[in-house]
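Q: Residues per chain, in single letters:
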Amino acid sequence: MNDWDIRLGSVLVALSVFVAWQLVTQAGLVQPIFLPSPVSTIGTLWRGLTQGDLLALTITTMERMFYGWMLASLGGTLLGGLIGLSRRARYWLTPMLELLRPLPATTLLPIGIALFGLQPRMLLGVIAFGAIWPVLLPTIHGFSAIEPRLHEVARNLGVSRLAFAVKFGFPNALPDVVAGMRLSLTACLIITVVGEMVTAQEGLGTTIMMAARSFRSTDLFGGIILLGLVGIVNNGLLALIERIATPWRAAQS
Amino acid sequence: MRATGIQSDGLALPSQIAAALLDLVADGEIFLRSVETIAPIAIGVLIGGTLGLLIGIWLGLSTTAAQLAWLSIELFRPIPPVAIIPLTMLVYGIGIRMEAAIIGFACFWPMLLLTRDAVAGVDVRLFEVARMLGLPRRKQIVKIALPAAAPRVYTALRLTLGIALIVAVTTEIAANPFGLGYAIISAGLSLRPDVMYAFLTWLALLGWLLNLGLTALHRHLFGAASRGVSP
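So the sequence lines, in the order shown, correspond to chains H and B.
First residue of the first sequence? That's 1 in the numbering used here, and the numbers climb one at a time after it.
First residue of the second sequence? That's 1 in the numbering used here, and the numbers climb one at a time after it.
Misleading hints may appear alongside valid ones.
Partner residues are not named here, just some residues of chain B that face chain H (Cβ under 10 Å, in silico) [unchecked claim]:
| no. | residue |
| --- | --- |
| 1 | Leu90 |
| 2 | Leu165 |
| 3 | Phe199 |
In short, the hints are calculated from the structure, not lab data.
It should be emphasised that the depicted structure is a prediction, and the values quoted were computed from it without experimental measurement.
Built from N, CA and C at the ideal position, the CB exists for glycine as well.
Start from the sequences, fold in the hints, and give me the full structure.
A: Have a look at this one:
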């Protein structure tokens, strides 16, 4: 099979999934309340996007996710650089970080609610803090794994510590930072959706929860499709960032 | 806090947390909550993981199948598992089935993709030798493909279990009033920070032990093949 056959076949397989879904619902094999037909779901979704407030809600959720991601990436890179470049900080802090790491990021929600109450900024903080881990740990590794001779060369040339971090450390850690940011964005989307569900703040998470509670299953499936689309957009964006920031890696894969 | 005398509903003294943890262990509540979290993980990983494993093996063995399934996978995989929390609530109500379904969905994808890559990464020469020796197709899979891919499949399982724990606790925090996740958020909402942090400590300990145990098992099972695997 050549390339086009494969692509066409792949599209046909995906289409047949939707056709099967439509046939199953039309034949009444499942109750429409549990699984509405794709046609009616997409109809509802389209109406919600063009006439309703679904588009605004999607943008709200995506904004929250992106701000959280930006904060997590920035914070993770800066902190990771500080810890990674100082041997003492690494020895003192790494065991604690390793202990905190297995805690699911979403457990920060109850802590955030208990400490700061239900405010939008609390949710943003929880997203940023929860998504900082995937960036922080690889970044520490990236900054600490610099060739020792580079340290010596830099010292001989009288490079300041800050300049060393920017000119030697950061480029060395960049692949780790980008790989961490990739995991971080996925975490951000999850924490954002759960955070919205728990704190009932405006966004897709709350919308689909409300849709399920009031048995509006086409709205629910529409929301799930939108969240899937956000995930697809994220993946595309990350692939783009990876290609721009670390072109040699993209060439390898 | 003790130093300044501030009262807080969000923080607790370490000594209070330790006392709360002891209480929870003494009356057995912490074990009950842990079982409520672990049971859906076991069911979800068993069902979702097995399905992912089988389809992953199939896609790993057949390049054509993998290429044909590519778009469908790319369309469904990005759906965040938490997005189907409301759906499973609608279908199953609250309880163990709903949580297991979400965990199964969350585990299915990484298991499928990692198994596919593990099987596809098996040295082609092994298959050539097998074909030369006249080994039937079924035996090629059981005797060559699976053992060669086993260490990486195990790594996939380890990763999947980590994801399962996260998804379980998240589901409990968001919707399902059982298990450790619910214990944490209900303690927080009823202004018992000591109990909340006690459960959190326990959860961190569980996660850490899970990772430690799985890593040790990895070394035990695959010895040489596990060298270079980070703990």
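Q: Checked against the structure, which of the hints given earlier come out wrong?
A: Those not satisfied: there are none.
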